[in-house]
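Q: This is what each chain is made of:
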Amino acid sequence: MRSHRKELWFETAERVAFVNITPDVDAALAASGIREGLCLVNAMHISASVFINDDERGLHRDFTTWLEQLVPYDRSRWQHNRTGEDNADSHLKRQIMGREVVIAVTCGRLDFGPWEQVFYGEFDGRRRKRVLVKIIGE
Amino acid sequence: MRSHRKELWFETAERVAFVNITPDVDAALAASGIREGLCLVNAMHISASVFINDDERGLHRDFTTWLEQLVPYDRSRWQHNRTGEDNADSHLKRQIMGREVVIAVTCGRLDFGPWEQVFYGEFDGRRRKRVLVKIIGE
Amino acid sequence: MRSHRKELWFETAERVAFVNITPDVDAALAASGIREGLCLVNAMHISASVFINDDERGLHRDFTTWLEQLVPYDRSRWQHNRTGEDNADSHLKRQIMGREVVIAVTCGRLDFGPWEQVFYGEFDGRRRKRVLVKIIGE
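Sequence order for the protein chains is A, B and C. Number 63 in my numbering belongs to position 63 of the first sequence; there are no gaps in the numbering. In my numbering, each number is its position in the second sequence, counted from 1, plus 1000. In my numbering, each number is its position in the third sequence, counted from 1, plus 2000.
It is possible that some hints are incorrect.
Stated by the list, open to error - DSS-like mimics (lysine-lysine), calculated; alpha carbons at most 30 Å apart, straight line: (1) K6/A <-> K1006/B; (2) K1006/B <-> K2006/C; (3) K6/A <-> K2006/C.
What the hints contain is simulated information worked out from the structure, not anything from laboratory work. Fair warning: this is a prediction, and the values are worked out from it, not measured in the lab.
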């Protein structure tokens, strides 16, 4: 069994942002030389997500608006913010969008359906944060 | 390390539907001959889910009603639908229900608790779509 | 390839509770002897979750309040409860919080970002329930 590890770094200009990281995951897989296995991609921070969906700008605006309705930023609403933080909403938004994806690796490629793209979802940006890619297989 | 890949195909009669695919995943595992490892089951389409919950019809109706309240179909509400699509709600519903499950394989069986069943969750049906089963192990 | 399996048991005093199980997952990894691979941690019950977030009491109260708003206990509201159950809300809450996490194993350790902690999320407690840890690698 072989394994490969790669960190990706991000610093988004906006508090909430979605970044297509499919090319980065593809590059990590190519560097690994692994042909058959599983590829884990996860946010290393608890106010961010990794998820798979469509690379369409309108949909990303829908995500942003909808998440804000379900979990308003509202600094005074959340008990977590009494610790001096203001990002309670980010921790909750990330639960809806998910921490990680696991992708099949087949014949040396990410084994995707026709529209699957991997995104980094940032809910408390404007600082440096990381995503982990870990691939195991042969 | 061994690996096994199987595609499952679906075309549901309703726009929203839940299909118990546990027998299909069991069959893929039996065909693989793998005794210890991990089994990934994921929707290959971004308006569908794979998840684990209870095989109870009332609960599935609760899922349908509740998801519609959280994410109404409402064609004019979502920016994604300005592309000519009408399925923005499906992309959001799938984020709540999840893209994938990873199941432990122990002694050649899906290592499940007493009520765990695997479902395909369809949120934009009436056309052919796929689920991927990828098993790695020994 | 090596594999290791460990069950963790819980019986929470409250109906809804969050338990930090990071030390238990660490111990399972140490017992496995695995240095590079993947670690799956999943609830074996369909009214409970395993997720990764912050170990901060105020945030956990925010989770509890917010989940209750999104999915009220309300015994008469859900069709699943007509079966004689009263835990339909627990099945839905677990979909938001997730069934499982997959954690990279690197150099014999859980490969975590600075604040990542693993939690058992209970939504229908006061009885014995299980979490499965399955680690594969070398």
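Q: Next step is simple, just say for each hint if it's right about the structure.
A: Right, here's what the structure says about each hint:
1. Distance hint between K6/A and K1006/B is fulfilled; the C-alpha atoms sit about 28 Å from each other, no more than 30 Å.
2. For a cut-off of 30 Å, the pair hint linking K1006/B to K2006/C stands: about 28 Å separates their Cα positions.
3. Using a Cα cut-off of 30 Å, the hinted pair K6/A and K2006/C holds, with the two alpha carbons roughly 28 Å apart.
Figure legend: structure checked against the earlier numbered hints; every hint is met.
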